[in-house]
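Chain B is already provided as a structure; the job is to place chain U on it using the hints.
Protein chains in written order, with the working numbering: chain B, 1 to 596; chain U, 1 to 596.
Incorrect hints may appear among the rest.
Heads up, the list lumps identical chains together, so a pair's fine if it works in one copy or across two of them.
As the list claims (entries may be wrong) - Under the rule of at most 25 Å between Cα atoms (straight-line distance), these lysine to any residue pairs were calculated in the SDA-like manner:
1. 548 - 170
2. 337 - 384
3. 82 - 72
4. 285 - 486
5. 79 - 227
6. 321 - 2
7. 468 - 573
8. 192 - 246
9. 192 - 100
10. 70 - 206
11. 586 - 575
12. 321 - 245
13. 487 - 584
14. 149 - 192
15. 285 - 324
16. 182 - 257
17. 487 - 170
18. 333 - 170
19. 384 - 29
20. 79 - 382
In short, the hints are calculated from the structure, not lab data.
Number of protein chains: 2
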Amino acid sequence: MPSYTPPLRDLRFVMEELLDVPAAFKALPAHAENDMDTVMAILEEGGKFASEVIFPLNQSGDREGCTHDKTNFTVKAPKGFKEAYAKYVEGGWAALSCDPEYGGQGLPLTINQAFYEMLNSGNQAWTMYPGLTHGAYECLHAHGTPEQKALYLPKITSGEWTGTMCLTESHCGTDLGMLRTKAEPNADGSYKITGNKIFISSGEHDLAENIIHLVLARLPDAPVGSKGISLFIVPKFIPNADQSIGARNPIFCTGLEHKMGIHGNATAQIALDGATGWLVGAPNKGLAAMFVMMNAARIGVGMQSLGLTEVAYQNALAYAKDRIQMRSLSGPKAPDKPADPIIVHADVRKMLLTAKAYAEGGRVLSLFCALLIDTYLNHPDEAKRAEAEEMVALLTPIVKAFITDNGWLATSHCLQVFGGHGFIAEWGMEQYVRDSRINMLYEGTNTIQSLDLLGRKVLGNKGATLKKLGAMMEDFAEECEGIEAMKEFIEPMLKAAELQATLTFEIGSAAQSNPDVVGAAAVDYMRVAGHAVFAYWWARMAKIALEKQDSGDDFYKAKLQTARFYFAKLLPEIETCAATARTGLKPLMETEYALA
Amino acid sequence: MPSYTPPLRDLRFVMEELLDVPAAFKALPAHAENDMDTVMAILEEGGKFASEVIFPLNQSGDREGCTHDKTNFTVKAPKGFKEAYAKYVEGGWAALSCDPEYGGQGLPLTINQAFYEMLNSGNQAWTMYPGLTHGAYECLHAHGTPEQKALYLPKITSGEWTGTMCLTESHCGTDLGMLRTKAEPNADGSYKITGNKIFISSGEHDLAENIIHLVLARLPDAPVGSKGISLFIVPKFIPNADQSIGARNPIFCTGLEHKMGIHGNATAQIALDGATGWLVGAPNKGLAAMFVMMNAARIGVGMQSLGLTEVAYQNALAYAKDRIQMRSLSGPKAPDKPADPIIVHADVRKMLLTAKAYAEGGRVLSLFCALLIDTYLNHPDEAKRAEAEEMVALLTPIVKAFITDNGWLATSHCLQVFGGHGFIAEWGMEQYVRDSRINMLYEGTNTIQSLDLLGRKVLGNKGATLKKLGAMMEDFAEECEGIEAMKEFIEPMLKAAELQATLTFEIGSAAQSNPDVVGAAAVDYMRVAGHAVFAYWWARMAKIALEKQDSGDDFYKAKLQTARFYFAKLLPEIETCAATARTGLKPLMETEYALA
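Next comes chain B alone, as it looks inside the complex (with noise of 0.2 Å):
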């Protein structure tokens, strides 16, 4: 049986001696009042609700999955689940980064997001359930009428309805503009919805009294493709202007995937027969309007694989230092016991390793984005703002693809550490590896991640954010100029990004005669992109652990170790990538025999 403890250390430790999150904080008004002890304490308590609310449940929901009652279109929930989300509304968790105009605690979302780590270290299948609902919450909040924010926020804030995201049909799913549920307008102003969604996550289940839908469909008169699509809110239960549950509405769940994980989380096929709902913002502007939420959701997915990592790294620590199994190669470390543990031996500590230093270096891109977000919606100037908006917007696919990938590679490692004994349930690690199967898939493959990482967020303003990325790394290295203990860290992290300068360029340049170019190159691309900022958060890391590395605190001795061991064996990989994007289009698409 796997264990897990909230990493509340390295929480700290990212939060306030490397963003120093407080004093960012101070410069936004709304959350000037949050000190660190005040972020620890709330992180402390969430990290007790993972650990032991969400995380016992881990495994059994897993093994239960939900289930469907076909006769009046019902979904329970695994055992258990429905009582730990009454503890999380009961603790008011669900309305923790919420607007206190709808009841709610309006902290940073920069908490919100720490939580959410360890919440998905606990159960990511469970974790879905909340997370989609604050989707929804964003989603209504950016949009909805005042009438609308009265009457839905209220509940969603305090978690009572849940809600969930529309969007996918079995014959478009990256593709929204070929969708084909019908919006015919009532005569009071409401609509009649008919159409078929599937995947729909958290779509039906027994955690809460009402669950509102956000769903994407066509009205009559709309344009084709994606610039005809608007978005409606269409509860199951339709409610009355005092929040009381009211008729219940046709948007039933008419069947469940079976599916290779989150087995506990229900995705369900949406059937919408002449559903009531109220139209969201715009006619025809219902892509953008569910895209304003994109950027936190897709963060959301890498503190997915970001929490999976970490729990698999910690299985994986305690199984290799307690496992007894051969010699080292170098003689016996153990003589004692009739074999070493089989942490000695490096490939075992190269994966654990690994697994570490994604998981940490995962950690900080993520909070630094959610930071970001925090300033771009608080701060008052608006400059700040508006650059922090475009910071978050170029690292948003790189949380989203590179934190995901690193995942699936680092919980695969995890489980190898388990020899043959993680392919069993009982250890619970190949149920990390399933579930962390979907977070390369939804909220935008990562194949599509990459394409807007190069094709829009780069190329697309002809790296004009990417040369403030690298500004700040630059600034950094002048930090850290004749720190002789600092060359090993900044000359790597500076040739990582001189190396994505140089194949931004030559990307660029060769895209102009054929814009395929791009899609060959994007998943490399990824990969480098993502090395070099990791380079770059992990270079300040290791400042701070040479600073404080005879401080008696052995925290920083293991971080400099981490960050070594990063630059050693893991930003390599960008050599492979440079070479195989320089190697173009040709080999790929001058395949027409091979793929006939």
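Below, chain U alone, put in the same frame as chain B:
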């Protein structure tokens, strides 16, 4: 629902045009009569069995799994498995490459190997029942007494009885020296065996009337460690002299593992409660006897991932041609449709071609190894036998680890081609990923394989065998001298071989002061070695393809394009592997605080 077409065209290409298997068979008196038409006739029938009999049971077997009856220790395989096995026995497939003295057909292992690739594409979990049986056959055939062979081999050859290998115990997998199962002599020359085994594949089932377990155990006076292990035959039912079924032996399945994949195969916990067994081979030499069949078994695991890679590729290719979504970056390719098929996208092609290149490369390497095994078992010239045995010993860990690591990557890529649908069980892709994961673990984890390759097979004879492999490449390079069109393949092939040679020297030198250096570099080295061998075979395939590209058969154009893809997009992985191998031991071992 996935589909599967046996890759007969490529099998013929590899066997006839690339390896010239008929000529090789002619040099082996036992197999001289097997011409290409004979081989293909068998494989065609074998392919039908794989695609028509067991492939349709693959998804249902995964869903249903095996059922354990705790009251009488029996196990029921999934629906249809027993009937398929009966057809297998009836068709004489079990006897294919078995000794005619015991009723076998005496065909070359090379044919059996190609057959097993197709079986594994069809249904890995089912294929493990006959697969393990063949392992037991080989072990008894090599080490049994004439009486043991006469009693057991005819029924194993026919497939009426199946076999297992009972090695692992809960506290020892890799480190069999620690095993505790006891064997005490009975007065009649048999032994009374007591202990508990786990992870016994095909350990109990209803496919055959008897199961012949090969069990590792310790004699009372055995030396400690791996030098005190003996091998025993422990039949489920003790056969009478006339091979009729006798008394039930107290060797019981006490439970089945719940695991990530291969649900259709019974992974049994086995309790030996004073079961009667008979010594096979010499006392205390059990591990050596078991290891005789390890080459074949490890190559067999490579075939499992090869089979999964091929079938996953076929289905991902079909989906990519069928699924329409978005437009090509360089403008519509199917303007008559609402979107382009996703195969127009460069990264989708990259994922597909990765699977294709790994499948076709793996097919060559494993058939080459099978031919080497046929050679060392049957060649009249002792020097040729020794040479073949030496080469297959070098290549075996590469087949096992490189092909299974590639299989994990490739099946995951194929899943990714399906987007969100890849995560859904119905499409079958996620099962290929789950099933493939075990292949990196059993028969020695891939870390163990890498240590075997670098430590034992390469450095163990100071690179002598590796030099012979290098000479093969140099000979081929010489053969291609002056052929301008071959340069693009020969140059990177030689570069890869040279890199491997250089790394071998560097690691060998460094290991003299600290043997842990081998452990630190072994997995990187494995990737370099695998690619060097693949580069050789892809260059050879490219040569034939170049010669025949205008023959009118598009097969050769396809092969040439895939070769170009391999050299452009997969081979460059060695650049990162070389870089990380060269950063050495320190970043892994000086991590006592990081891994505290």
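Going down the list of hints, with the structure as the test:
no. : hint      : result
1   : 548 - 170 : neither (55 Å within a copy, 43 Å between copies)
2   : 337 - 384 : neither (60 Å within a copy, 45 Å between copies)
3   : 82 - 72   : within (19 Å within a copy, 39 Å between copies)
4   : 285 - 486 : neither (50 Å within a copy, 56 Å between copies)
5   : 79 - 227  : neither (43 Å within a copy, 50 Å between copies)
6   : 321 - 2   : within (14 Å within a copy, 42 Å between copies)
7   : 468 - 573 : within (24 Å within a copy, 31 Å between copies)
8   : 192 - 246 : within (17 Å within a copy, 73 Å between copies)
9   : 192 - 100 : neither (33 Å within a copy, 75 Å between copies)
10  : 70 - 206  : within (15 Å within a copy, 35 Å between copies)
11  : 586 - 575 : both (20 Å within a copy, 21 Å between copies)
12  : 321 - 245 : neither (54 Å within a copy, 47 Å between copies)
13  : 487 - 584 : between (33 Å within a copy, 19 Å between copies)
14  : 149 - 192 : within (21 Å within a copy, 77 Å between copies)
15  : 285 - 324 : between (60 Å within a copy, 24 Å between copies)
16  : 182 - 257 : within (24 Å within a copy, 48 Å between copies)
17  : 487 - 170 : neither (53 Å within a copy, 47 Å between copies)
18  : 333 - 170 : between (57 Å within a copy, 22 Å between copies)
19  : 384 - 29  : within (14 Å within a copy, 82 Å between copies)
20  : 79 - 382  : neither (48 Å within a copy, 66 Å between copies)
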